[in-house]
Every structure is written in structure tokens, then in C-alpha cells.
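Chains as they are written, first to last, in the working numbering: chain A, 5 to 614; chain B, 14 to 217.
Among these hints, one or two may not hold up.
[As the list claims (entries may be wrong)] The calculated label-pair distances, taken between Cβ atoms and stated as ranges, are:
#: 1; chain 1: B; residue 1: Leu-213; chain 2: A; residue 2: Glu-555; range: 51 to 59 Å
#: 2; chain 1: A; residue 1: Lys-381; chain 2: B; residue 2: His-47; range: 48 to 56 Å
#: 3; chain 1: A; residue 1: Asp-219; chain 2: B; residue 2: His-47; range: 28 to 36 Å
[As the list claims (entries may be wrong)] Okay, derived cross-link-like pairs now, SDA-like style, lysine to any residue, Cα gap no bigger than 20 Å in a straight line:
#: 4; chain 1: A; residue 1: Lys-111; chain 2: A; residue 2: Asn-161
#: 5; chain 1: A; residue 1: Lys-72; chain 2: B; residue 2: Leu-60
#: 6; chain 1: B; residue 1: Lys-57; chain 2: A; residue 2: Asn-213
#: 7; chain 1: B; residue 1: Lys-57; chain 2: B; residue 2: Gly-121
#: 8; chain 1: A; residue 1: Lys-72; chain 2: B; residue 2: Gly-58
#: 9; chain 1: A; residue 1: Lys-148; chain 2: B; residue 2: Phe-178
#: 10; chain 1: B; residue 1: Lys-179; chain 2: A; residue 2: Asn-213
#: 11; chain 1: A; residue 1: Lys-368; chain 2: B; residue 2: Gln-94
[Said to hold, decoys possible] The following residues of chain B were derived to be distant from chain A, with all beta-carbon distances above 10 Å:
#: 12; residue: Ile-53
#: 13; residue: Lys-63
#: 14; residue: Gly-90
#: 15; residue: Asn-92
#: 16; residue: Lys-97
#: 17; residue: Lys-101
#: 18; residue: Lys-151
#: 19; residue: Val-153
#: 20; residue: Ala-202
If you're looking for bench data, these hints aren't it; they were derived computationally from the structure. Think of the CB as a built atom: it goes at the ideal place given N, C-alpha and C, for glycine as much as any other residue.
Each chain, written out:
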Amino acid sequence: MRMIRGFTLLLAVTVVPNVVLAQTYPTNKDPRSTLKPGRFDAGIAISNMKQVSFVKKPAEFDTTAGLKFINSDLAFGTHYIYQANFAGFTIWDVADPANPVMMSATKCITSQGDPTIYEHLLFLSAEGAGNRNDCADGGVKDPKDHMAGVRIFDVSNPRAPKLVKNVQTCKGSHTHTLVPSPKDPRTIYLYVSGGQAARPETELAGCKNGTDPADPTNSLFMLDIIRVPLDNPEKAEVIPGARIFTGLDQAGECKRFCLPTDPRRQAAAANRAAANPEMPTTPRNCHDVTSYPAMNMLLASCQTHSILVDITNPEKPIRIDALVDTNNFQGRHTAAFSNDGTKLIQTEEWGGGTGPMCQASSMKELGGNTVITLDGKRKQKQRGYFKLPSAQAAEENCVAHNGGIIPVPGRDLYVQGWYQGGVNIMDFTNPDSALEIGYFDRGSINPPKGADVPQPPVDPSVRGGGNSIGGSWGAYYWNGLIVSSELDRGMDILELTPSDQLSANEIAAAKLVRFERYNPQSQPKLIWPPAFVVVRSYLDQLVRNGGLAAEQTAAISSALDIAEMRSGAARASALNELARQVDKDAGGAKDAARVRTMADEIRRLAAASK
Amino acid sequence: MTASRPIIAFTVACVLAGASSRAVAQSGMDHSKHRMGPEIVIPKGALYTKADVEFMQGMIAHHAQAIVMARMAETNGANPQVLKLSRKIDQSQVPEIIIMQDWLRRYGQFAPDTSSWHDMRMDGMLTDDELKAMSEAKGVAFDRLFLDGMIKHHAGALKMVDDLFKSPGAGQEVDANVFANDVVTAQTAEIGIMRRLLSLLPPK
Numbered sequence: 005m006r007m008i009r010g011f012t013l014l015l016a017v018t019v020v021p022n023v024v025l026a027q028t029y030p031t032n033k034d035p036r037s038t039l040k041p042g043r044f045d046a047g048i049a050i051s052n053m054k055q056v057s058f059v060k061k062p063a064e065f066d067t068t069a070g071l072k073f074i075n076s077d078l079a080f081g082t083h084y085i086y087q088a089n090f091a092g093f094t095i096w097d098v099a100d101p102a103n104p105v106m107m108s109a110t111k112c113i114t115s116q117g118d119p120t121i122y123e124h125l126l127f128l129s130a131e132g133a134g135n136r137n138d139c140a141d142g143g144v145k146d147p148k149d150h151m152a153g154v155r156i157f158d159v160s161n162p163r164a165p166k167l168v169k170n171v172q173t174c175k176g177s178h179t180h181t182l183v184p185s186p187k188d189p190r191t192i193y194l195y196v197s198g199g200q201a202a203r204p205e206t207e208l209a210g211c212k213n214g215t216d217p218a219d220p221t222n223s224l225f226m227l228d229i230i231r232v233p234l235d236n237p238e239k240a241e242v243i244p245g246a247r248i249f250t251g252l253d254q255a256g257e258c259k260r261f262c263l264p265t266d267p268r269r270q271a272a273a274a275n276r277a278a279a280n281p282e283m284p285t286t287p288r289n290c291h292d293v294t295s296y297p298a299m300n301m302l303l304a305s306c307q308t309h310s311i312l313v314d315i316t317n318p319e320k321p322i323r324i325d326a327l328v329d330t331n332n333f334q335g336r337h338t339a340a341f342s343n344d345g346t347k348l349i350q351t352e353e354w355g356g357g358t359g360p361m362c363q364a365s366s367m368k369e370l371g372g373n374t375v376i377t378l379d380g381k382r383k384q385k386q387r388g389y390f391k392l393p394s395a396q397a398a399e400e401n402c403v404a405h406n407g408g409i410i411p412v413p414g415r416d417l418y419v420q421g422w423y424q425g426g427v428n429i430m431d432f433t434n435p436d437s438a439l440e441i442g443y444f445d446r447g448s449i450n451p452p453k454g455a456d457v458p459q460p461p462v463d464p465s466v467r468g469g470g471n472s473i474g475g476s477w478g479a480y481y482w483n484g485l486i487v488s489s490e491l492d493r494g495m496d497i498l499e500l501t502p503s504d505q506l507s508a509n510e511i512a513a514a515k516l517v518r519f520e521r522y523n524p525q526s527q528p529k530l531i532w533p534p535a536f537v538v539v540r541s542y543l544d545q546l547v548r549n550g551g552l553a554a555e556q557t558a559a560i561s562s563a564l565d566i567a568e569m570r571s572g573a574a575r576a577s578a579l580n581e582l583a584r585q586v587d588k589d590a591g592g593a594k595d596a597a598r599v600r601t602m603a604d605e606i607r608r609l610a611a612a613s614k
Numbered sequence: 014m015t016a017s018r019p020i021i022a023f024t025v026a027c028v029l030a031g032a033s034s035r036a037v038a039q040s041g042m043d044h045s046k047h048r049m050g051p052e053i054v055i056p057k058g059a060l061y062t063k064a065d066v067e068f069m070q071g072m073i074a075h076h077a078q079a080i081v082m083a084r085m086a087e088t089n090g091a092n093p094q095v096l097k098l099s100r101k102i103d104q105s106q107v108p109e110i111i112i113m114q115d116w117l118r119r120y121g122q123f124a125p126d127t128s129s130w131h132d133m134r135m136d137g138m139l140t141d142d143e144l145k146a147m148s149e150a151k152g153v154a155f156d157r158l159f160l161d162g163m164i165k166h167h168a169g170a171l172k173m174v175d176d177l178f179k180s181p182g183a184g185q186e187v188d189a190n191v192f193a194n195d196v197v198t199a200q201t202a203e204i205g206i207m208r209r210l211l212s213l214l215p216p217k
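Bound conformation, chain A alone:
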């Protein structure tokens, strides 16, 4: 006994100096690091954006603490925002973004409720073991009441959504991703990622937990697929999934401590079945997958692996490439494509979203974004890392989370949520040095507290029992707005404001890209109409990066102003002449590619002016 205590003390002494050495992330002294805490009266820091509106959660979803009623992700359709919650969903009418109007709050325990909207159908991911077919609270008493998979709601009447069907899957659904059928406009597919072990066969027929990734009857090691006939959603069904995980096994084995060495424990262990001793540690699921249907690609974010998949035939996805981060051990969470499909972002949810992983002491290489590029053979290459550059408090759950592309022509911009780290915009135009060009952040929900010592029990009905989990689940650009789903507080609508990092022309060009429907995990191709602000976006970028000499950019700017004052054939002729001049300018330009793209845009504008 005495010896053991002495040993404990030795350990304790040896760990002390190293805590200081573990400091790897510089404290950032920007305004976000020192905001006043508070749920609804927290300090706000904002840069290159402005707040258009904030709405609190509906009363149905207001809560004490914990995850039971937190908001999750967003989907966008016509003038509605569909905001999911672990206990249901809210439909907001945002025809006037300054005054979102709640159409309905539908209570249905559906953790985590990852949403997709398609026409009048709203799809929600259900994963938790306590979710029931009837949506009610109280947990699953009889396994036949358990709902894990995708719920389908009819939201034709946004004031009265109706549950149409629960599609059950073996692993449940943590997230799902829309892939339209290239052949049949009345069919869509949902690629389902479920993180749980397969349900027992007694609960759902055909489910099986196996260790062989190639076993066609194994429910693990498979991306599940649901086929939905849009005109008969009640006939939505699970079809054979995609075995995109076979052959990813890594080398290595357990040598010394893999079996219990204590004889008593060993004897005890011999009497009970081992927990899948041969289970491969390579991915058997993804956190989620991001489809880019216009390019027939899918990027699957699967813990250690970033897996690129061809979805030309949505019923038969084929793995093209897999990338492992062998340097920093990042886990994969969510992906996005650059509009041209040559750059990829993989976010990493270190700590699962509930941990404070953006503190000054937190490892910089974890919990951020990785930029990946694709070569001509669609092979992935890991490039730069980017993490929220502002140190957050110990009370703030913070890590890279969901986001989407901002449609600025000529640049790759990604807006995303970092939970209580707030919202920010990353420019990854240069894949080796991504940088931040704007942010919005609040102080922590809870004030600083003491630490790891025994504390009295907390009254569960009182807020403040432990740290509230909050912040931005995801932030997305949609039809001129940035919308952020706040887990604990509600929903923020933001707008870009001009700065030296993003010009008024670039913001105006982004506003030209409008979508009737937007599901961020099913990435739409961005197409800009011919417009002066599009041309001027490229021009502003050339001024900003010095890609073309100042006298030339000034001359082009004047020529554009003159052309804009004309109309019809006269404008077209002026623009065509300008395009010819810009072609010549490209020859001596530092950023010749951008100058040529601008010339093409000028010609496109000329063609549209006739």
C-alpha cells in the first residue's frame, strides 16, 4: 500500500512541468477572446459582417441544460428555413430576414435531427437509442417502438407538418445527404451515415454486427442508401448500401498489454465473450458525406479517412481514393468542395463538439479544417490547416463544425460554425495558407467556474448545471444571407459588409447566386449570371493581390464604367473591345489566369448585352 502511494506521488511530480510544454497554440488577443459571458446578454464581436436578426428558440425547445433540446442543422427552401432540434424542428419564414416568423415548432424526439428539404418533404436523421416511432418523450420501453433511421415529414403546410414515414436503418442515422437521381427527376437518394453499432436482428431484421468489411451481410462497413420516390414518400426504402470501406485496413498488432495480465482479471475475462477482438479500427462509417452531384463526386468524412467516391450511378457509389492523415491524427467530420471541384475542405470535430478545443492551450493542428487538393487523377493531397485563430474560454465548447461555400467568383470562401467559437469565414483560395476574413462571436453562455473538485448535486431544473453546450452548429450562405443555427440560444441571420478583404462588388456578385432550395451537404454548382459586379469582382481581386499592374486595372475600371453607361450593341461593342485589351494585358500579368478569366467574363457580359 505504501509503495503504491509512493509511486503515485512520483507520477504526479513528473507530470507537472510538462503541462507548460504542452502549450502549442498562441493566445490571440482579438476581441473574441475577452467577451462578456451570458446567455442572451453576452458580449458580441463582429468583423466584416453585420447582424440582421436574432430569434430565440421557440418555448417548446427551451431547456435547462444538456443536449436534449439543442438546435442542430439547417436546410433552406423557398423563403423558409428548416431548423432541426434534437427534439424536433422549427420552420421559420424569412421572407423578411430582419423579422423571421415562426410557422411551427414540431416536437418529435429525433436526436440529432440532421435535416434535408426537398420540395414538400423534410427528412430528419434519427440516431439516439431513446427515439421512438411516435416521436414521444420517455424513452424506448419496447424495442419495436425504437426509431433509428430517417423520418420523412410532409411540410406542404408549414404550419402543420405531418409525419409520413419512419425509414428504419440498421445503424440509425447520424447524418444523411441528398443525391438526386440523374435519370429520374422524381427519385432522390439519401446516403445515410450512422455511427452506432448495428441494431440486434430481433429489433430490425437483416441487421448484423460483423468484423469483416467485405461480408455482404455485415451492416457495418457500409454506407446506407435510402431511395425515395418523391410522389410516394411512404414507399421510401433502404436499398443495398455501398461498401466503400473495404480494403482500408492498416498494419500493426497488439503485442504486450492487449490481454489482461492480472491473473484474477484474466480468469474473469475467460468467462465472458470478448468484445469483437478482430474488429478492424479502420472506418466502418463516416460522420457524414458531402455530395457534389454536378461533378458526380462525393467526399466522405470518415474518422481517420477522407474518402472520395464517384456517384455517377447513385445506387452504386465507387471509392476512387482514400487519404489518411498520418501526421496529425485528425478525425474527419464534414467536407466541402471548391466550386471547380479541385479543392476540398475537411473539418475535424475533435472532442465531439461538446469539448472546449479552441483554448489557448489546445493543439492547433487538431479541431480545425484541412485543405485538400485533387490532382488530374482525382488523388487527394493534404495541404494547409486552418483553425479558429482566436483563443476561446474553457466554458466554450468549440471546434470546427459545419459550413458552406460563399459564392464569390474567383475565390474559395467557406463560412462555418465553431460552436461557441462563433461563426467565421475562411478564404482557402490558396490551399497552403487559408486565412480568416470575417467573424461573429458571442461570449460564453456560462461564466467561468471552478474545476475538478467534488461539488454538490445540481438541481436539474435550474440552468447552469455544468456548462451549457451552445454556439453555432452550422453557418451557411443562402441567397445573400449568412444563417447560423445556435444550439442553445436560437438563430442568427448575418450579412456580409464590404472591407479591404471582401469588396462591395464581390458581395453583390455573391448575391446573384440564388437557390430555390439549399441543403449544404448536397453541394450545388455555383453559376453566376453575366454581370458588371462579377467582372469587377475579378478586377478587385487583381487590385488586392497585385496580379495586374495598377495603371491597367485603373484603365479597365474606367472602361467598365463607360461600357455600363451604354446599352445594347454599343455596350457589347465596348465590352468586346475591352476584352481584347484585357487578353493582351494577361501576357505581362502576375496573375495571368485571373486576368484571362476576367476577359472571358467581359465577353460573356458583352454577349448578354446584345
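For this one, chain A is given, so just place chain B on it according to the hints.
Chain B alone, transformed into the frame defined by chain A:
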């Protein structure tokens, strides 16, 4: 230590204060013990079960030992990759302990502190002899013991989750459900990483 890092500071303090914390926990030194604290009482209508409470309590002890192991890498000449992974484990599991303690306190259940690993030996946890061997090893020898030990330790955590979900009605409370799934995701991947790092060590 700066003011912004109270959690790690306190964790170290609790390891230092292990002996006195044990007294608070009113627990003996039976190393086969799988739980500590007062008898667990589950209120009527609760969405969690005794297995959930035992899982959270046991996993605090399990994580606390992992943190002690991970911090040995700082002084024992671990190679840079092993060191990076050990820091990842340290920084991952410290906040998870806070989450588990918050969960237990929210439901009025006993929340062990980080000294509890001395008294609770959950699946995959190392014996004192194994820890001692690891603390005395340096360089490649340490890396091997650390990786072997932590693989076993992580496998034990996966088994604890497996047992939790096999227990009737357990794992349904949403915070416990999300937390347990996060443990599986993170630690399964880390076992893979550790097996690869093990395969890269020079032969004995």
C-alpha cells in the same frame, strides 16, 4: 500555469492530492473495484438507468488513468508522433471528464474526481506494475509500452460502451448516448493510429 488553464491545473492537483481525495470518496483500496461512492438510486421516470450512472462514474476513473499515462510521454523520451498522440489523448479526455462529472451532478449522482483511478479498475485499465514499468521505460521501450498499454486501455473503453448498450434501457438519455458514441468514434480511430505507430517502431 496561466489563469486560462484551470482544468488541467486542477487535474494535476488532484493527482497530487490522490491520497486525500480517496478519503473523501470513503473508498477502500480494493483494486478489483468497479464502482465507488454511495449506493446508486435512480428516480422514478428517469430516462437513464443505473448502468448509465455506473458507466459515467467508471469512465471518469478510466479517463483519469489514461491522462496519467499520456503525461508520462512528456518526460520519458517518447518519439514525436507518440508525443503528439499522447497530447491529443490528454487534451481530449480532460474535458470529457468534466462532461461526465457535469452529467452526474445534473442528475444528483455521485461524481468521482480524477483520483478515482486509484480505486476503480475498469476494463482495460493498467495495473500498478504495468504503470510502474511504463514510468521507468525510456525512448523506444517507453513508446512500445505506452502504445501497447493505451491500445489495451482504449479497447477497455470500447468494451465499457458495448456493455452499456447491452444493458436493458441504458444509453437512451441523449447526453449519455452522444457521449458514449463519441468515445467509440474517437478511441476506435486512436487504436488504429496506435497500431500503426507500433508497427513503425524499430524491432526489439
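These are the hints, each one checked on the structure:
Taking the beta carbon of each, B/Leu-213 and A/Glu-555 are about 57 Å apart, inside 51 to 59 Å as hinted. Our hint of 48 to 56 Å for A/Lys-381 and B/His-47 holds, since their Cβ atoms are close to 53 Å apart. Range check, A/Asp-219 to B/His-47: about 34 Å between beta-carbon atoms, so the 28 to 36 Å window is met. At most 20 Å may separate the alpha-carbon atoms for a hinted pair to count; A/Lys-111 and A/Asn-161 meet this at roughly 16 Å.
With a CA separation close to 11 Å, the supplied pair A/Lys-72 and B/Leu-60 stays within the 20 Å bound. Between B/Lys-57 and A/Asn-213 the CA atoms are separated by roughly 33 Å; this puts the pair beyond 20 Å, and the hint is violated. Between B/Lys-57 and B/Gly-121 the alpha-carbon distance is near 13 Å, which keeps this suggested pair within the 20 Å criterion. Proposed proximity of A/Lys-72 and B/Gly-58 is supported: the alpha carbons are some 16 Å apart, at most 20 Å.
Restraint check for A/Lys-148 and B/Phe-178: the C-alpha separation of about 16 Å stays at or below 20 Å, so the hint holds. For the hint pairing B/Lys-179 with A/Asn-213, the CA-to-CA distance comes to about 13 Å; that is within 20 Å, so the pair holds. Proximity of A/Lys-368 to B/Gln-94 is assessed by CA-CA distance (about 15 Å); at most 20 Å being required, the pair is judged to hold. The beta carbon of B/Ile-53 sits about 13 Å from the closest Cβ of chain A, which is more than 10 Å, so the claim that it is off the interface holds.
Every Cβ of chain A is farther than 10 Å from the Cβ of B/Lys-63; the closest lies at roughly 14 Å, confirming the non-interface assignment. Listed as outside the interface, B/Gly-90 is consistent with that label: its C-beta sits roughly 12 Å from the nearest C-beta of chain A, beyond the 10 Å cut-off. Every CB of chain A is more than 10 Å from the CB of B/Asn-92 (nearest about 13 Å), matching its label as outside the interface. The Cβ of B/Lys-97 does not lie farther than 10 Å from every Cβ of chain A; its closest approach is about 7 Å, which violates its non-interface assignment.
Residue placement check: B/Lys-101 does not keep its beta carbon more than 10 Å from all beta carbons of chain A (closest about 6 Å). Against chain A, the non-interface label of B/Lys-151 holds: every CB pair exceeds 10 Å, the least being about 12 Å. The non-interface label for B/Val-153 is consistent with chain A: the shortest C-beta to C-beta separation is roughly 13 Å, beyond 10 Å. With a cut of 10 Å on Cβ distances, B/Ala-202 falls inside the contact zone with chain A, its closest approach being about 4 Å.
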